[in-house]
Amino acid sequence: MIFDLVKTSFRSLLSNKTRTFLTMLGIIIGVFAVISLISIGQGIQNYVTGQFGKLGSDLIFVTPGKLNLRGDPGANFLANKLDEKHYKLIENYASDYVKEVTPLMEIGKTISYKNKTYYTEVQATNEKGVTTYRIELDKGRYFSRSEVNSGSKVVMMGSTSATELFPNQNPIGKNIKIDDKTFTVIGVAMEKGSQLDRRVYIPYTTAKHLFNIKNFSALVMISQSSENVESAMKRVELALRRDLDEDEFTVISQKDLLSSFQSILGTITIGIGAIAAISLLVGGIGIMNIMLVTVTERTQEIGLRKAVGATPNNIATQFLVEATSLSVLGGLIGMGMGILLAFIVKTYFNFAAEVPLWSILLAFGFSFLVGVVFGTYPAIKAANKDPIEALRYE
Amino acid sequence: MRSPILSIKNVYKTYSVGDQKINALNGVSLEIFQGDFVAIVGKSGSGKSTLMHIIGLLDTPTSGDVVINGTNVSKMDESSLAKIRNKEIGFVFQSFNLLSRATALENVMLPLQYSDIPKEEWEDKSLKMLSMVDLQERVSNKSNELSGGQKQRVAIARALVTDPTIVLADEPTGNLDSRTGKEIVKKFIELNESGRTIVLVTHDNDLAKIAKKVFVLSDGEIVKQNHDF
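Protein sequence lines correspond, in order, to chains F and Y.
In this text, residue positions in the first sequence follow our numbering: the first is 42, and each later residue adds one.
In this text, residue positions in the second sequence follow our numbering: the first is -6, and each later residue adds one.
Bear in mind the hints are in silico, worked out from the structure with no lab data behind them.
Values in this document were obtained by computation on a predicted structure and should not be read as measured data.
One should not assume that every hint holds.
If we take Cβ atoms under 7 Å as the criterion, some of the chain F residues that face chain Y in the derived model are [claimed, not checked]:
{"hint": "1", "residue": "S56"}
{"hint": "2", "residue": "G181"}
{"hint": "3", "residue": "V349"}
Computed spacing ranges between beta-carbons, pair by pair [claimed, not checked]:
{"hint": "4", "chain 1": "F", "residue 1": "M42", "chain 2": "Y", "residue 2": "E214", "range": "42 to 48 Å"}
{"hint": "5", "chain 1": "Y", "residue 1": "E116", "chain 2": "F", "residue 2": "E430", "range": "43 to 49 Å"}
{"hint": "6", "chain 1": "F", "residue 1": "L410", "chain 2": "Y", "residue 2": "G38", "range": "34 to 40 Å"}
{"hint": "7", "chain 1": "F", "residue 1": "I319", "chain 2": "Y", "residue 2": "G38", "range": "52 to 58 Å"}
{"hint": "8", "chain 1": "Y", "residue 1": "R94", "chain 2": "F", "residue 2": "L63", "range": "32 to 38 Å"}
{"hint": "9", "chain 1": "F", "residue 1": "I421", "chain 2": "Y", "residue 2": "D156", "range": "31 to 37 Å"}
{"hint": "10", "chain 1": "Y", "residue 1": "K202", "chain 2": "F", "residue 2": "Y418", "range": "36 to 42 Å"}
{"hint": "11", "chain 1": "Y", "residue 1": "E138", "chain 2": "F", "residue 2": "E338", "range": "17 to 23 Å"}
{"hint": "12", "chain 1": "F", "residue 1": "L63", "chain 2": "Y", "residue 2": "G38", "range": "44 to 50 Å"}
Even glycine gets a Cβ: it sits at the ideal position worked out from N, Cα and C.
Please model the entire structure based on the sequences and the hints provided.
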C-alpha cells in the first residue's frame, strides 16, 4: 500500500520537475550544509585529537600572556616575557612536581639539502625535548646538554622531513641548511604518524643566537605524577609568580587544551545545527506552500477519489506521503552531495573528512520529519474537502 | 414481493445560505429495484443534483432515511459512507473526471485501491471492464490521448469495476457530440439488459426516454413518476 502511494507520489512529483526541484532546494541545501560541515568538523577533531594524543596527557604548558582560547590568538603574544629566567624558576621551585622542563621556540623555516627544499616548523628546545615530546630515535641521537650550552649547529629531523630531503640516503652526518645557516644532522626520529613527523629540532641556544629570537613560545614540562597534574600546575604558577604578574603567563595542561578545543568545536556544532534548523525550516515552509498549491490544483482529483471510495484518511495519507517523498528525496540529494564533497576533500586535499553514520541518520530523520510536519496541514486540508464541491471544482 | 436495493423515505435536505434556509428536497421518497433503469429529470434548481448526491452517498439527508441493500446510511460519517460508496455505487460524470496523468487501465483500477478486493485481481478485473467497453487496444494510453467518447467509456469501465449495486450517471452525454452520445446511450442500454441497475440524472427529456422508470423533480419534490414516460 505504502509502496503504491510512494510510486504515485513520485509520478506526480515528476510531472512537474522544475517545481519539484525548486521546492526541494531548501532541504537539499540544508542537508548538504549539515553533512559537509559535520564531516569537515569531524575531520578536524580527528586530526587535533590525534596530534594531542601523541604528545601524552601529562604535559603541562606555560605560555606567555593570558591565554584565552576563545579570544583573539594574537593577543597572547603581545607581551611575551618568557625567557631563560622563568625556565630556571620552574627548575628551582617546582622540581618536586614537574620534570623535563623544556623551553620551546617554534619558527617556520625552509630547510634544504642540495637542490631539495622543504618548508617546516623548526622546534628549538633543550636536550630534554626528546623525553618531553616522547620522541623515539630511528637513527643517530638527540642533541646533548653540552651542545645546548655551546649553541652547536646540530639538528635532529622528524621522519617526514628526513625523507623529503634524503629520499634514498642516510642523513646522519650530512649538512643541511636552515635558511642560510648550515646544520649537521645528528639524528632522525621514528615515525609517529602525525604532523610531528614534519618537524626538525635544534638547540634553543642556537636559535636564539642565529635567528635572533629572545623569548620562548612556551615552556613544556611533564608532571611528576600523571594523577596530580592539577597541583603540579599550581606549583608552576607559584614559581612563576615570583617574577611575573598573573596575566603575563598561563599554565595549561594537555587535557585543558584538548577540552578547550572540544568546547570550541561544540560551539561550532551548535552553530551548524542552527543553520541546518533554519534552512530545514525554510525548506519545510516551501514544501507546505507547494503542497497547498497542489491540493488546490488537484481538487477535482480529490473529489473523484472520494466519489470512488477514498476515505478522508486515504486522501490525507496520499498527500502526506507525497510531501514526505519530496523532503526525503531532497534530503537524499543533499546527503549525496555532502558525501561527495567529503570524498573530494579527502581525496584531493589529503584531509581526513569523515561522514559519521549518525550524521546520515540525523539528516535522513530530519528530512523525513520536515515532510511529515509540514505536509500535515495540506494533507488535512485535502482530506477535509467536501467531495461534492471538489467534483464541481474547475 | 421484491425488496428494493435502494429506498429513500421522506427525505428532506436543507441548506443554509447566510441567514436563509433553502429546502433543496422536500420529502422525497422513491424505491429502486435490482435491474431498474431509472431516470431522474428536472430543471436546474429542481433538486435533482441534491437527490443524485444522496443516492450516490456523497451526502446525507437533513431528515428521512436512505437504505441501500438493507443498510441505513442516513446518519453515517464520511469514512463509513466512503466504504459503502466504493462497494455499492459506480459513478459516471458529465466531464468524465479521469486522472489525466494516468493510463486508461490505471484510471479503471482507481476504485479498487480503496476496496477489499485483493491486489492480484485488480489488473484482470480492469482489463475485463475495458474490453467490455471495447477499449482493449487503449489500455496503456494516457487519458489525455483519448477522444471524448473513449474517455466516457473508460469512465463507464471504472464505474463497473467494483461490481456496484447501482451505476449512477450524471448527464453522461452532456459533453459529447450527438453521434458519440448515442454510442454511450447504447452502452447503458446494453448494461441494463445484462442486469445492471442504472440511475440516470439528466435535464434532457429525450435522453430520459431510454429509461424504464422516470422521476420528475420540481422544487424539491417528485411531481411525476412514470413508467412509460
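Structure-based check of all given hints:
no. : hint                          : result
1   : S56                           : holds (6 Å)
2   : G181                          : violated (78 Å)
3   : V349                          : holds (4 Å)
4   : F/M42 <-> Y/E214: 42 to 48 Å  : holds (45 Å)
5   : Y/E116 <-> F/E430: 43 to 49 Å : violated (33 Å)
6   : F/L410 <-> Y/G38: 34 to 40 Å  : violated (50 Å)
7   : F/I319 <-> Y/G38: 52 to 58 Å  : holds (54 Å)
8   : Y/R94 <-> F/L63: 32 to 38 Å   : violated (20 Å)
9   : F/I421 <-> Y/D156: 31 to 37 Å : holds (33 Å)
10  : Y/K202 <-> F/Y418: 36 to 42 Å : violated (50 Å)
11  : Y/E138 <-> F/E338: 17 to 23 Å : holds (21 Å)
12  : F/L63 <-> Y/G38: 44 to 50 Å   : holds (45 Å)
Hint compliance for this structure: hints 2, 5, 6, 8, 10 are broken, all remaining hints hold.
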